[in-house]
Amino acid sequence: MVANPFTTVKEEVELSRMAADEVKTTTCYMCACRCGIRVHLKDGKVRYIEGNPEHPVNQGVLCGKGSAGIMNHYSPARLSKPLKRVGERGAGEFEEIEWDEALELATKWMGDARAKDPKKMAFFTGRDQSQSLTGWWASKFGTPNFAAHGGFCSVNMAAAGLYTIGGAFWEFGEPDWDHTKYFMLFGVAEDHDSNPIKIGLGKLKTRDDAKFVSVNPVRTGYSAIADEWVGIRPGTDGLFIFALIHELLRAEKIDFEYLARYTNSHWLVYDNPGQENDGLFVRDKKGNPLCFDLKTKKLLDATSAATAKKVKPAFVGERSTGRGKPKARPVFELIARRYMADEYSPDAVAETVGLKAEDIKRIAAEIAHAAFEEEIELDIAWTDWTGKKHKTMKGRPVSMHAMRGISAHSNGFHTCRALHLLQVLIGSVDVPGGFRYKSPFPKPIPPGPKPAGKYTQPNSPLDGAPIGNPTSPEDLLVDDDGNPIRIDKGYSWEFPMSSHGLMHMVLHNAWAKDPYGIDVLFMYMANMGWNSSMNTSQTIKYLTDKDENGEYKIPKFIYSDAYYSETVAFADLILPDTTYLERWDCISLLDRPISSAHGPADAIRQPVVEPDRDVRAFQTVLLDLGARLGLDGMVNEDGAAKYPEGYPDYIVNHERAPGLGPLAGWREGGTKHGRGKPDAYQLDAYIENGCFWQYELPPGQQYYKHANQDYLEYANYMGWVPDTKPIIFQLYSEPVQKFRLAAQGHGKVQPPEKHRARVEEFFDPLPTWYIPVEETMVDVEKYPLHALTQRPMHMYHSWGSQNAWLRQITSFNCLYIHPDTAAKYKVSDKDWVWISSHNGRVKGQVKLSTGTQRDTVWTWNAIGKRKGAWGLKDDASESNKGFLLNHIISELLPEKGGGYRYSNSDPVTGQAAWFDLRVNIEKCAAHEAGATEPMFEPAKRQPNAFDAPDILQYGKNLKGKPMGGQAPLETWVANRHENAINIRGIEDGRETNPHGKRTSRIK
Amino acid sequence: MTSLPRKSSRRKLGLVIDLDICVACQACAVNCKEWNTSGHSAPLTDLNPYGKGQNGVWYNRIHSFEAVDEKTGDSQTINFPKSCLHCEDAPCVTVCPTGASYKREEDGIVLVNGDICIGCKLCSWACPYGAREYDETEGVMKKCTLCVDKIYNETLSPSSRVPACVSTCPVGARHFGDLGDPHSEVTRLVEARGGFALMPEQGTLPVNRYLPPRPKQHQKPKDQTPRMLEHKDDSSDGAGLLARWVDKVLSA
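Protein sequence lines correspond, in order, to chains G and S. Position 579 (the first sequence) corresponds to 2042 in the working numbering; numbering is contiguous. Position 23 (the second sequence) corresponds to 27 in the working numbering; numbering is contiguous.
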C-alpha cells in the first residue's frame, strides 16, 4: 500500500481470518490444576490455546500459565535426544545417544540393582501426574524406595485430612462456592487449585453476601481481594485456630447433633495412665467402639445403625467400663477440656500469633454467626446410611481452604488437624455452604492399604504398594532393631505417618549411606538439583561427591525431564520426555483426579502436535523398561511386552481390579462408566467428549457423602470405598495414640531409645500446637525474622523460567519486608542485603511492602536459576539477581544431644518444614550490591541445543487467510452465568448459548 | 494530523474491569499476548526473550500497588490491569501525522494501521495512559485491538468471539460490551457498581470503565454480627459447662 501523506488511508480490517486449521482439545499441564484446553493449530504450529468452556475444572477460563503454554512448548530448553554424561557431574558435558542404547543402559543398571536387592534402586518422581502408574511400577520392580513429591509439598494437609475426615483440600474437596457465607483461606502458597479457586472467589465476591477472610502472613494474590486480611505470624495458625475453638466451645456454639451423627466425639476413651490401653477406644468383643447411652445408661456400639437411630450418647462424663476395668471418657470431653483451658484463650495466644485478641474474638463470633444464624436448608431429599430419609439438606455455610502455607511447618500435621476439627465442631463438612468432598473422597479413615516393602527379595515384586497409611507401629517399615527400611526413612520411627514419603531427604541419605547406600537413583520431573531441594549448595555436593575410589557416592543417576533443568547436568543418563502437547496421559480416579464436588471426573491428554525431536513420553519409556526388566504385569507369559503401544495402550487396557482401569468413562462398548471391560475405542470417546469424562451426582448424593446411603453405594460400586459403611470423622486419632503408647513402652513394636521421647512428645491423639522444631533449636534473637517463600500466581506449579512470556513478568525475586521492619534494620527499598540463617547466607534485593506481617520477610521461590540451565543466557536476571532461599534452609535440624541430626521435617509425617526458617538481614557493603550470591559456574548447554533467539516474533506467519464475513457481536458479562445473575441491575434479558457460556447478542 | 470520526460512533465497544476481584494472576495479559501475536498487528515482538533486558510488546499489563490510608494506617493491595481505553476523544489519533492511528466509525475501536505507521511515537507521548506499545523491530506502534479479529470472526466458535482477556479471566473480573448503549448489560453493570472512567480530567473520554473495590464486608454498616461471643461459663477450665454437658441429651 502506498501512503499519501495528504489523505487518510482507510484500513480494511480483516475481521474473519481463518485462525486455525484445526482445534483440538486436551488437558493443560502448565501447572497441577489440569484444566481443559482447546488448542488452535495453524500450519502445524500452535496458534492459540484457550480454556475449554465445557470442561468441569476451568469452565472456559485459562490462567496466565496455561495461556503461556506455547512458549513452554517451543522453549529452547527442550531436550531433544537421550544424553549420556561424558564430563564430570554438574558440568553439563553430554553426548547424544540413541534410544536403544539409553534403554539398554538403564535396563542394565536397574536390572543389576534388582538382582542384588531391589531397594538399591530408588525411584522418586516430582510433578508426576501418573502416580498410579509410577507407584505400581515401583511395586513390581520390588523397591519400597518410591514416592512422588508430596513429602516436600503438602503431605501434612493430605495426611491430616485423611486421618481426620477421610479427605482434605484441593483434589480431595472444595468450598461450596455457591452457598458459603463465610470463607476462610489459610496460608501462603494457596494456589494449588488455581482456576477453580479463582472462579470460586469471583463467584463468592460477586454474590456479595459472603465474607472472605484470608489468614496469611503475606497479602498478595487472593489475600489482596479478601474482605479481611489476618496477617498472622508464621507457624502459629494452629494456636489461632485453637483460640477460635476455645471461643466456640465457651459459647456453646457447637453442632452437637452433627458430632453425634458423624464423628467419634461420643466414643469412649480409656483414662488409664501408664497402662497399655490408655487413650484407646473402649471396644466390645467384636472390636466396635462403645459410647454411653444416657437413656439406658448402658455402653453400646457407637457405630451401629440402631445406636445412631435411638441412642442419646453422652458427650461428657467419666464412665465405668466394667468391673475391675479402667474408667473412660468420651472424646468430646477430652476436646472440651483441652481447648477450653485458658492457655488457648484469645487473650493468651494473641501475642504469639501476632494478632489482637479482640480480632480473634470477633472472627469466632462471625464464624458462629454464619454457622448458626445463617443456616441454610436446601430442598433436597436424601437418605442417610441408616436408611433414614431426610426431606432437606441443612448446612452451616462456613467453609475453609488451606494448602502448603500451614502444611510446610514442623507443626503442620497438627495444625491441619486443628483446622478440620474446627470445621467439624461447627458441622460444616460436606454440608451445603461448607466444605465439600470431591470423588473418590471421602475414603475410610485412614484409607488402606498399609505401606509395603518391609521385605524385599532379589528380582521380586513387593507384596503391595510402597505408599500407604500406617495405623499402628506394626505397619512401620523398620527392621527388627527399629531402623528405617526406606532410603528416605519414611514410615520409620523418625516419620511414622509419612503418607507421601520424604523425597527431600533422598539425596542426602543416599550420599551419607544412611540408612544405606543405593546403586541407582531414578528421578522424573523433579528439580532436586536446584529449587526443589533444601540446602541447594550442599545438595549439589551430594550429587557430585566421590568416595576414596573416585566413584560417585550416588553411583548411577538416571533422570527424565522434558527440559534442560538444573538437575539434568548432574545425571548420568537422560531420558528426554515430550512436552505436554505431544503426549498421551490420563488424569485417573486411581490417582489424583479432576473431580469436583458435583461429581467424579477424569481426563486424558492427547498429542495435538507430533514431536519434532527424538523424545519419548516418560510413561511409555517406563513401560518399555518394565518389559525389558520382565516386571510382572508388564510382560505377557511369553515375555513379550504387555503394552507394546506404550502408555495409551496401558491407559485403555490395564486393569487394577477386574473392570477397574485408569479411566472410568466409556468402558465395555462405550456403555459402562466406572466398571466394565476395557474398550478399544475408549480414547476416541474421550476425544469426542473434549478429553474428559464427568458424571454429575444426583442432587440427593451431592452432600453428606460420608454418611449418604445412595452415595456410599455408588462409591462402593466405583471401587472408591471397600464397603458402604459411613465414614466417621476421627477427631480423636487412635492410630496416633498407638504410636505414643509404643513410645511409652507398650506393645511389641517400640521405637529405639533415641527416638522414644520424640515420638511420645509429638504423637498427640488430639491436635496440638508447639513451636516449630527448628525455632526451638536456633538462636531466635540472632535470627529474629521468619522467612517464607511462595510462587507467583503466574508461575505457581509451573516449571522453569524458560518461558519467554512469563519471564517478562517476573525474572528475579526480591525480599519483601514491611517498611516498619525495614526501618528497624536500617534497610531501604532496593537495598541489597545478606539474608542469613544457621545454615549460611544468601544475597538479594529488598522491596518494601505493607502487605507483609511485621516479623516476616518473604520472596518468590524458584525464580533464581543456575547459569547454563533452562536455555537462558548467562546474563539473564534469573541467575544474576534472582536468589534461592533454599540455600539457607537446612534439610537437617541442628544437632541435639547425642549428635544426631533429624530431618528438618514434621516429626509425624516427614513434611519438609520449609516455612520454619528463621533469618537475620543485614545491608551488604556497597561493593557487594547488584548481584546475588552464592553463584555457581555455568553448566554447559546440551548438545545441539535449540537456538535461543535475541528477537522472537512468534506467530508472525500464523495470521491465517482472510475469509471475509462478520459474525454478530456478543456481549460478555462476568464470564459465567452464575456470576452474572448475581449482579444487581443486569439480571434480565439473558440467554445461555450452547457452549455453556452466558452471552447475549448486542442489538 | 488525523481526524476522529465526524460523529462519535453509536456503538462504543469497551471493557469493564472489576478491581474488586482482580487477583493479578496475569491471565488476561498473557492470553492477550498469545492471541494477538498472530492477530491484527502480529507479531508482538519480544526482545532478548531468553537473556537480560527481556522486553516485549504487550497490549495489557497488570500493575499491583499498595494504597496506605494516612489517617488509619490501613493499607490495601490494588491490582490494576491496564490497556487502551478506546477514548472517544483519542489524542493518540488526532496527533497521528499519517492517519495510521484511527478510531473505527462502526464500533469505536482505536486501531493502528501498521502499513502507514511511521513509528514516530507521537501517539505514545499523547496517550495519558501509557497504553501504546512500540515494536522496535517492526518500527511501528501497536496497541490493544479489542481483539477486533476475534470478536467478529466467523471462523471461530461463538464462545471464542470475545476479547481474549475477557474469556480467559478466571475470576470473571472482565466484561465486554457496548458502552454506548444505555440499556446494555455493561452499561447497567457500570451503573450498579459505580463504575468510573480513568483520569477523566484528561478529557479524552475513555470508553473503558473500572469497577471500584466493594466496601470490605467487615466495614459494612449493616453488619449485625456481634463483636464477640457470650461465654456460657467464666471458670478458668470450663468446669461449669462440662458439668452441664454431662447430661446433655440431643433432641430427637
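Please note: incorrect hints may appear among the correct ones.
What the hints assert, rightly or not - In silico lysine-lysine, DSS-like type, Cα no more than 27 Å apart, as pairs:
| # | chain 1 | residue 1 | chain 2 | residue 2 |
| --- | --- | --- | --- | --- |
| 1 | S | Lys236 | G | Lys1819 |
| 2 | G | Lys1508 | G | Lys1571 |
| 3 | G | Lys2419 | S | Lys236 |
To be verified - FRET-style restraints, in silico, Cβ to Cβ:
| # | chain 1 | residue 1 | chain 2 | residue 2 | range |
| --- | --- | --- | --- | --- | --- |
| 4 | G | Pro2107 | S | Phe69 | 37 to 47 Å |
| 5 | G | Asp1672 | S | Gly244 | 16 to 26 Å |
| 6 | G | Ala1811 | S | Phe69 | 50 to 60 Å |
| 7 | S | Gly198 | G | Arg2364 | 56 to 66 Å |
| 8 | G | Lys2289 | S | Lys236 | 24 to 34 Å |
| 9 | S | Gly198 | G | Ala2143 | 52 to 62 Å |
To be clear, the hints were calculated from the coordinates, so they are not data collected in a lab. Each residue gets a CB set at the ideal place from its N, CA and C atoms; glycine is no exception.
Hints, verified against the model:
no., hint, verdict
1, S:Lys236 / G:Lys1819, "holds, 22 Å"
2, G:Lys1508 / G:Lys1571, "violated, 39 Å"
3, G:Lys2419 / S:Lys236, "violated, 71 Å"
4, G:Pro2107 / S:Phe69: 37 to 47 Å, "violated, 58 Å"
5, G:Asp1672 / S:Gly244: 16 to 26 Å, "violated, 37 Å"
6, G:Ala1811 / S:Phe69: 50 to 60 Å, "violated, 37 Å"
7, S:Gly198 / G:Arg2364: 56 to 66 Å, "holds, 59 Å"
8, G:Lys2289 / S:Lys236: 24 to 34 Å, "violated, 51 Å"
9, S:Gly198 / G:Ala2143: 52 to 62 Å, "holds, 59 Å"
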